[in-house]
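Go ahead and model the full structure; you've got the sequences and the hints to work with.
Residue numbers (this note's numbering), protein chains in the order written: chain A, 121 to 260; chain B, 121 to 260; chain C, 121 to 260.
Hint data in this document are derived by calculation from the structure and do not stem from the laboratory.
Keep in mind the model is a prediction, meaning the values are calculated, not measured.
It is possible that part of the hints are untrue.
[As the list claims (entries may be wrong)] Each computed SDA-like pair below joins lysine to any residue, with the alpha-carbon atoms no more than 25 Å apart:
(1) B:K189 to C:R204
(2) A:K122 to B:L124
(3) C:K189 to B:L190
(4) B:K122 to B:G230
(5) A:K126 to C:G235
(6) C:K231 to B:M121
(7) B:K126 to A:D229
(8) B:K251 to B:M121
(9) C:K126 to B:G230
(10) A:K189 to A:K231
(11) C:K251 to B:V185
(12) A:K251 to C:G178
(13) A:K231 to B:D229
(14) A:K189 to A:S140
(15) C:K189 to B:E188
(16) C:K126 to B:D229
(17) C:K189 to A:V185
(18) A:K189 to C:R204
(19) C:K189 to A:S198
(20) B:K231 to C:G178
(21) C:K231 to C:G153
(22) B:K126 to C:M121
(23) B:K189 to C:G153
(24) A:K189 to B:T205
[What the hints assert, rightly or not] Ranges of calculated distance between the beta carbons of each label pair, as one might list FRET restraints:
(25) A:P133 to B:R199: 25 to 35 Å
(26) C:E144 to B:G153: 44 to 54 Å
(27) C:R147 to A:P236: 38 to 48 Å
(28) B:K189 to A:G230: 35 to 45 Å
(29) C:H181 to B:K126: 36 to 46 Å
(30) C:P192 to A:S198: 20 to 30 Å
(31) A:P197 to B:D229: 43 to 53 Å
All residues carry an ideal CB built from backbone N, CA and C; glycine is no exception.
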Amino acid sequence: MKTLTKELWLDVPQRRAIVSLHREVERLVAESGVQDGIVLVNAMHITASVFINDNESGLHHDYEVWLEKLAPFDASPSRYHHNRTGEDNADAHMKRQVMGREVVVAITDGKLHLGPWEHIFYYEFDGRRRKRVLVKILGE
Amino acid sequence: MKTLTKELWLDVPQRRAIVSLHREVERLVAESGVQDGIVLVNAMHITASVFINDNESGLHHDYEVWLEKLAPFDASPSRYHHNRTGEDNADAHMKRQVMGREVVVAITDGKLHLGPWEHIFYYEFDGRRRKRVLVKILGE
Amino acid sequence: MKTLTKELWLDVPQRRAIVSLHREVERLVAESGVQDGIVLVNAMHITASVFINDNESGLHHDYEVWLEKLAPFDASPSRYHHNRTGEDNADAHMKRQVMGREVVVAITDGKLHLGPWEHIFYYEFDGRRRKRVLVKILGE
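What follows is the structure in structure tokens.
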């Protein structure tokens with residue numbers, strides 16, 4: 121069995137943003153030498169997501185609006201008890217659950233085995249500080 | 121390590137529908153000869169989900185109503201910016217995030233290791249065309 | 121390849137509760153002897169989730185309130201068709217989709233490879249009976 125383990129550092133200057141991880145994951149799969157296996161890509165922080173969807177800015181705008189409606193930002197301690205701890209990011213912990221922590225992608229013939237529009241993204245819900253994404257590749 | 125890779129083609133005649141993948145995944149696990157491992161089952165398209173839940177038509181109806189409330193269909197370019205690109209399926213990209221892209225299921229003693237009511241489904245949110253699901257089996 | 125397969129039994133006395141699985145998964149990873157691999161942790165029941173987020177009681181309270189708003193409990197057969205079958209737990213099948221069925225976590229140097237605040241939890245949405253979580257470890 122071959123494996124590759126890599127932590128990617130991100131520092132998103134905004135509170136929220138969608139950042140492509142796609143090329144870097146492709147590069148790591150090539151580097152691993154794995155021909156047949158899987159790659160796990162996960163946020164190492166609990167106010168961020170890794171997800172697969174369309175590389176289209178209009179849709180990314182729509183996610184912003186939609187997630188804000190499902191789980192509105194509210195720094196006050198009245199709506200979210202979590203924000204009584206001195207945090208203001210309870211909404212980020214919810215948005216992340218909707219979008220997911222991780223993706224698992226197949227590797228076939230040494231490449232990411234994806235459909236035509238699948239693109240791997242990081243979604244930051246509470247940025248302005250350094251955070252990590254883990255890439256773990258297993259196979260042969 | 122043994123592996124099996126298989127793309128399943130689906131062509132759902134409705135815009136939305138829930139389709140069982142269960143028997144086909146069971147069959148592929150048997151075909152793989154893997155006794156101990158995992159199977160990844162994922163949509164290869166970004167307006168569809170693979171999920172595990174109950175094989176009960178009332179619940180499937182409830183998912184339809186619930187997802188439509190969380191992320192309503194609206195082909196107009198006013199609600200969703202994605203639909204300014206000529207698409208009308210922005211809602212499908214959101215519904216898919218709620219239901220998920222993929223499942224990872226354990227294989228033990230050569231069989232899917234599932235609880236009593238777990239059933240693997242494909243959820244089409246923008247059908248009327250051919251789409252694929254990927255089944256990737258790894259183990260020994 | 122080394123593997124370890126373990127079913128964990130839980131019996132949550134309330135209808136809903138969040139229960140830590142973290143120490144037990146850590147223990148099983150150590151027991152497996154796997155140095156480099158992955159662990160899959162999934163609910164074996166379709167009205168429960170396994171998820172990774174913060175070990176903070178205020179946030180857990182917020183999840184309760186938030187999920188109840190997204191998918192309210194309603195035992196009557198009028199809101200949810202699933203509850204025409206004699207069940208009263210349709211809401212639980214929806215809450216579970218938001219929070220997810222499973223997590224896949226990397227194992228590196230014989231330990232769970234997690235960020236600083238990542239904590240593995242079971243989320244029961246329809247308790248008061250015995251249920252299972254599956255832990256499947258693969259690697260070398």
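How the hints compare with the structure:
no. : hint                         : result
1   : B:K189 to C:R204             : 21 Å, holds
2   : A:K122 to B:L124             : 17 Å, holds
3   : C:K189 to B:L190             : 11 Å, holds
4   : B:K122 to B:G230             : 12 Å, holds
5   : A:K126 to C:G235             : 13 Å, holds
6   : C:K231 to B:M121             : 22 Å, holds
7   : B:K126 to A:D229             : 13 Å, holds
8   : B:K251 to B:M121             : 29 Å, violated
9   : C:K126 to B:G230             : 16 Å, holds
10  : A:K189 to A:K231             : 37 Å, violated
11  : C:K251 to B:V185             : 28 Å, violated
12  : A:K251 to C:G178             : 23 Å, holds
13  : A:K231 to B:D229             : 29 Å, violated
14  : A:K189 to A:S140             : 24 Å, holds
15  : C:K189 to B:E188             : 15 Å, holds
16  : C:K126 to B:D229             : 13 Å, holds
17  : C:K189 to A:V185             : 18 Å, holds
18  : A:K189 to C:R204             : 31 Å, violated
19  : C:K189 to A:S198             : 16 Å, holds
20  : B:K231 to C:G178             : 40 Å, violated
21  : C:K231 to C:G153             : 10 Å, holds
22  : B:K126 to C:M121             : 23 Å, holds
23  : B:K189 to C:G153             : 47 Å, violated
24  : A:K189 to B:T205             : 23 Å, holds
25  : A:P133 to B:R199: 25 to 35 Å : 29 Å, holds
26  : C:E144 to B:G153: 44 to 54 Å : 31 Å, violated
27  : C:R147 to A:P236: 38 to 48 Å : 43 Å, holds
28  : B:K189 to A:G230: 35 to 45 Å : 43 Å, holds
29  : C:H181 to B:K126: 36 to 46 Å : 44 Å, holds
30  : C:P192 to A:S198: 20 to 30 Å : 21 Å, holds
31  : A:P197 to B:D229: 43 to 53 Å : 51 Å, holds
In summary, the structure is inconsistent with hints 8, 10, 11, 13, 18, 20, 23, 26 from the numbered list given earlier, while agreeing with the others.
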